[in-house]
Structure formats: C-alpha cells, structure tokens
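Put together the whole structure using the sequences plus the hints.
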Amino acid sequence: MNDDLQKNEVKVSYRNDVCFKYALSGEDEISRNIRDTVIKDITGIEPVESYVEKTEYLPISFDGKKIIMDVHVKDKEGREYNIEMQSYGAVATEKKRFFMYLMRMMLDQLNRGNDYTTFHPTYLIIFVDFEMDEDHELINRYEMMKKTGRPLLENDMAVIYFVSLPSLKYLNKKVKDMTDVEKLCYLFKNEADNAILEAKEGVVDQYMKKYDDLQNDKDLWSYAVQSEIAEIRDRAIQQEMYDSGKADGKNEGKITTLQATLQTLIQAKYHEDAREWLLTLTPEQLEEATIHILSCDSLEILKTRLPEK
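Just so it is clear: in the sequence shown, position 69 is 129 by my numbering, and no numbers are missing.
What the hints contain is simulated information worked out from the structure, not anything from laboratory work.
Beta carbons: idealized from backbone N, C-alpha and C, even for Gly.
Treat the hints with care, since some could be wrong.
[Stated by the list, open to error] DSSO-like mimics (lysine-lysine), calculated; alpha carbons at most 27 Å apart, straight line:
no.	residue 1	residue 2
1	LYS236	LYS260
2	LYS156	LYS206
3	LYS236	LYS100
4	LYS155	LYS100
5	LYS156	LYS249
6	LYS207	LYS156
7	LYS234	LYS269
8	LYS100	LYS136
9	LYS269	LYS236
10	LYS229	LYS269
11	LYS269	LYS71
12	LYS249	LYS71
13	LYS234	LYS260
14	LYS236	LYS249
15	LYS71	LYS369
16	LYS229	LYS206
17	LYS155	LYS249
18	LYS134	LYS100
19	LYS249	LYS100
20	LYS71	LYS229
21	LYS155	LYS229
22	LYS229	LYS260
23	LYS156	LYS134
24	LYS260	LYS249
25	LYS100	LYS260
26	LYS71	LYS260
27	LYS249	LYS278
28	LYS249	LYS233
29	LYS363	LYS156
30	LYS278	LYS71
31	LYS233	LYS100
32	LYS269	LYS249
33	LYS260	LYS233
34	LYS234	LYS207
35	LYS100	LYS278
[What the hints assert, rightly or not] For each label pair, taking beta carbons as the anchor points, the in silico distance ranges come out as:
no.	residue 1	residue 2	range
36	SER358	GLU197	45 to 51 Å
37	GLY138	LYS260	31 to 37 Å
38	LEU339	LYS260	39 to 45 Å
39	ASP272	LEU339	48 to 54 Å
40	LYS100	GLU368	53 to 59 Å
This is how it looks when you write it as structure tokens:
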C-alpha cells in the first residue's frame, strides 16, 4: 500500500489504538498533560511525576487477533495505571477480560519482588464504544466489595474504570461546557466535527496536535493505518456473526456486512470494484479475505490466497 493511499483513503480515527498510545506515551509535556488529565478526571487522583513504563510499539498481529496498544503508567508514589482504548466487544466478555487483566497487573507486582504488604494501588482505565448498563453513566467504576458497599481492599487497591463513549449523549451538555475528558470522549466518538472544533482547547487541542505529529512518522503512521483496517475488519466480522445468528441464513443472495466492508477496503486499497467476485465467495473465504487483504499488494494476489470452495 503506497503512502498516499494510506494517508488519504484510509481514515485513521482519533481513537485508533496506535494514535492513542502515541498521544499518551511520550515523555514530553504535552503527552504527560494528556495522560495526567485523563487519570485525574476519571479517578480523581493527581499523579505525582507520572511516567510510562512501556513505550515500545509492538507490531500489529494480522492473524485474526490484534495486539492491544495499552499505556502502562506509574507515578512517584508507586501507583500503577493502565489506560487502553477498546473500540468494540461484548460487555460481558470485556468485563471478564479486564478483570483478569487487573489481577495480572497485581500479580506482576508480586513477581517483581513485592510482598503482599507492599502492593501499590492499581487502576485500569478502558475507553469502550458500548454502554455498560442501563445507568448510562460515562464513567463506570468497579471494585470488589461487600454487598453493603464496603470494599474488600482498602485505599482503592484494585479498581477498574470503564469510560462508555455512547453514554455521552446522556450528559445533556453543550460541548463547550464539557470537562477536558468529556471533550476527549466526544472527539473519540464523533471525530473532529464542528462542535469540537469550536471548543478545541486544552487536552483536545493537544491530542489533535499529537495526531498530526503522528502522520510525520512514516513507520508509526503505517502501523496506525494497518490497525484501522484491522479494526474495520474485526467490527465487520463481529457484526456478521451477530447478523448471522439473528437472521439464521435469511441474508442469502444479499450483500452482507462483511462483503460490503471488504468492498470498501478493496476500493480504497486497490481501486477496483469487486462486488461481483465477493458474491461468489463462501463465508470461510470471506473471513480469509479479511485477513489476507492486509498483506496482499493487489486484488489478483488476494484471490490466490483464498482456499478452494
């Protein structure tokens, strides 16, 4: 995929996980202010001299699973924060996955030589593009506690925050009146529309500058584009599974979500109309195509990578 095509025809969203990590992981003043504001507005804690423990960018995996680009932050007082963008997924599944992730973060402290009496408070912050429950709260705090409300662990030792982007619509606020993190959530959910551009200041302005800076790094921007394509693919597969279970085969002969998404990607990458060809593919071939399109330089090569019917 050439650079012009990557930059102009595959729209990298502001919530793209590579962009998210780039904006929050730097040790410059802008990145530090973005992540400190996120932590403060969501947890109420002001980090003391925060720094990012893992700054490397892992390669994106295109074998059906995408590597998560999380931001692991520590501060001078020993608190640990893990901040992540999770754009899609099922509520029940994600709750379980991130609960296990929180436990792993605490276990890592033990593996580093801490004993049980020297555990530091651990916070997991996840931005999600689904509502957590019928309460429609933007910031959802979870911790282990007794049914009376008394926490199992004192001093916020293990807490998960889910930030639900769709719940923004229940705030009943004008964008200009939102807090910094609420505006950032608005940018993640709605991209750079007129409302956010008119209120572009503080953390949102800094985040958008980081997005612009990312485009000047050829390698990282390429990762961001590939990550965006992978997310489009994964969303389509998830929707296809949902639609298939709901309709139970009633979509036969019609353009499915997965076929339509593949045509969008093929048009953007190869400048070709492949709708007739896509209609001839089996469900298994369609799934294979969503994987191989990420590494194939032409439509003809893509066709040779698919299994026989």
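Verification of the supplied hints:
Straight-line distance between C-alpha atoms of LYS236 and LYS260 comes to about 9 Å, which keeps the hinted pair within the 27 Å bound. Our distance criterion of 27 Å between C-alpha atoms is met by LYS156 and LYS206, whose separation comes to about 19 Å. Taking the CA atoms of LYS236 and LYS100, the gap is about 20 Å. The hint holds against a cut of 27 Å. Only pairs whose Cα atoms come within 27 Å are accepted, and LYS155 paired with LYS100 is accepted, the gap being roughly 22 Å.
A threshold of 27 Å between alpha carbons decides the hint, and for LYS156 with LYS249 the separation of about 24 Å falls inside it, so the pair holds. Taking the CA atoms of LYS207 and LYS156, the gap is near 19 Å; set against the 27 Å cutoff, the hint holds. Distance check on the hinted pair: LYS234 and LYS269 sit about 23 Å apart at the alpha-carbon level, within 27 Å; holds. Straight-line distance between C-alpha atoms of LYS100 and LYS136 comes to about 15 Å, which keeps the hinted pair within the 27 Å bound.
Distance hint between LYS269 and LYS236 is fulfilled; the C-alpha atoms sit about 19 Å from each other, no more than 27 Å. For the hint pairing LYS229 with LYS269, the CA-to-CA distance comes to about 26 Å; that is within 27 Å, so the pair holds. Our distance criterion of 27 Å between C-alpha atoms is met by LYS269 and LYS71, whose separation comes to about 16 Å. Distance hint between LYS249 and LYS71 is fulfilled; the C-alpha atoms sit about 14 Å from each other, no more than 27 Å.
Pair hint LYS234 plus LYS260 holds up; C-alpha atoms about 13 Å apart against a cutoff of 27 Å. Proximity of LYS236 to LYS249 is assessed by CA-CA distance (about 16 Å); at most 27 Å being required, the pair is judged to hold. In summary, the hint linking LYS71 to LYS369 is not supported, as the alpha carbons are separated by about 33 Å, beyond the 27 Å threshold. Distance hint between LYS229 and LYS206 is unfulfilled; the C-alpha atoms sit about 32 Å from each other, more than 27 Å.
For a cut-off of 27 Å, the pair hint linking LYS155 to LYS249 stands: about 21 Å separates their Cα positions. Only pairs whose Cα atoms come within 27 Å are accepted, and LYS134 paired with LYS100 is accepted, the gap being roughly 13 Å. This hinted pair checks out: LYS249 and LYS100 have alpha carbons roughly 21 Å apart, not beyond 27 Å. A distance of roughly 24 Å separates the Cα atoms of LYS71 and LYS229; the hinted pair therefore holds under the 27 Å criterion.
Restraint check: the Cα-Cα separation between LYS155 and LYS229 comes to about 22 Å, which is no more than 27 Å; the hinted pair holds. Distance restraint check for LYS229 and LYS260: the Cα-Cα separation of roughly 19 Å lies within the 27 Å cut-off, and the hinted pair is therefore satisfied. Only pairs whose Cα atoms come within 27 Å are accepted, and LYS156 paired with LYS134 is accepted, the gap being roughly 24 Å. Between LYS260 and LYS249, the direct Cα distance comes to roughly 15 Å. Compliance with the 27 Å bound is thereby established for this hinted pair.
This hinted pair checks out: LYS100 and LYS260 have alpha carbons roughly 20 Å apart, not beyond 27 Å. Between LYS71 and LYS260, the direct Cα distance comes to roughly 20 Å. Compliance with the 27 Å bound is thereby established for this hinted pair. Of the pairs offered as hints, the one joining LYS249 and LYS278 holds, with about 26 Å between alpha carbons and a cut-off of 27 Å not exceeded. Restraint check for LYS249 and LYS233: satisfied, since their Cα atoms lie roughly 15 Å apart, inside the 27 Å limit.
The suggested pairing of LYS363 with LYS156 is violated, with an alpha-carbon distance near 38 Å, which exceeds 27 Å. At most 27 Å may separate the alpha-carbon atoms for a hinted pair to count; LYS278 and LYS71 meet this at roughly 15 Å. Note on LYS233 and LYS100: the hinted pairing holds, with a Cα-Cα distance of about 20 Å set against a maximum of 27 Å. Pair hint LYS269 plus LYS249 holds up; C-alpha atoms about 18 Å apart against a cutoff of 27 Å.
Distance restraint check for LYS260 and LYS233: the Cα-Cα separation of roughly 16 Å lies within the 27 Å cut-off, and the hinted pair is therefore satisfied. Of the pairs offered as hints, the one joining LYS234 and LYS207 is violated, with about 37 Å between alpha carbons and a cut-off of 27 Å exceeded. Proximity of LYS100 to LYS278 is assessed by CA-CA distance (about 32 Å); at most 27 Å being required, the pair is judged violated. For SER358 and GLU197, the hinted distance range of 45 to 51 Å is satisfied, since their beta carbons lie about 48 Å from each other.
The supplied range of 31 to 37 Å is met by GLY138 and LYS260, whose beta-carbon atoms lie about 35 Å from each other. Against the hinted window of 39 to 45 Å, the Cβ-Cβ separation of LEU339 and LYS260 comes to about 44 Å, which satisfies the hint. Taken as a hint, the range 48 to 54 Å is violated for the pair ASP272 and LEU339, whose Cβ atoms sit roughly 40 Å apart. A C-beta distance of roughly 57 Å is found between LYS100 and GLU368, which places it inside the suggested range of 53 to 59 Å.
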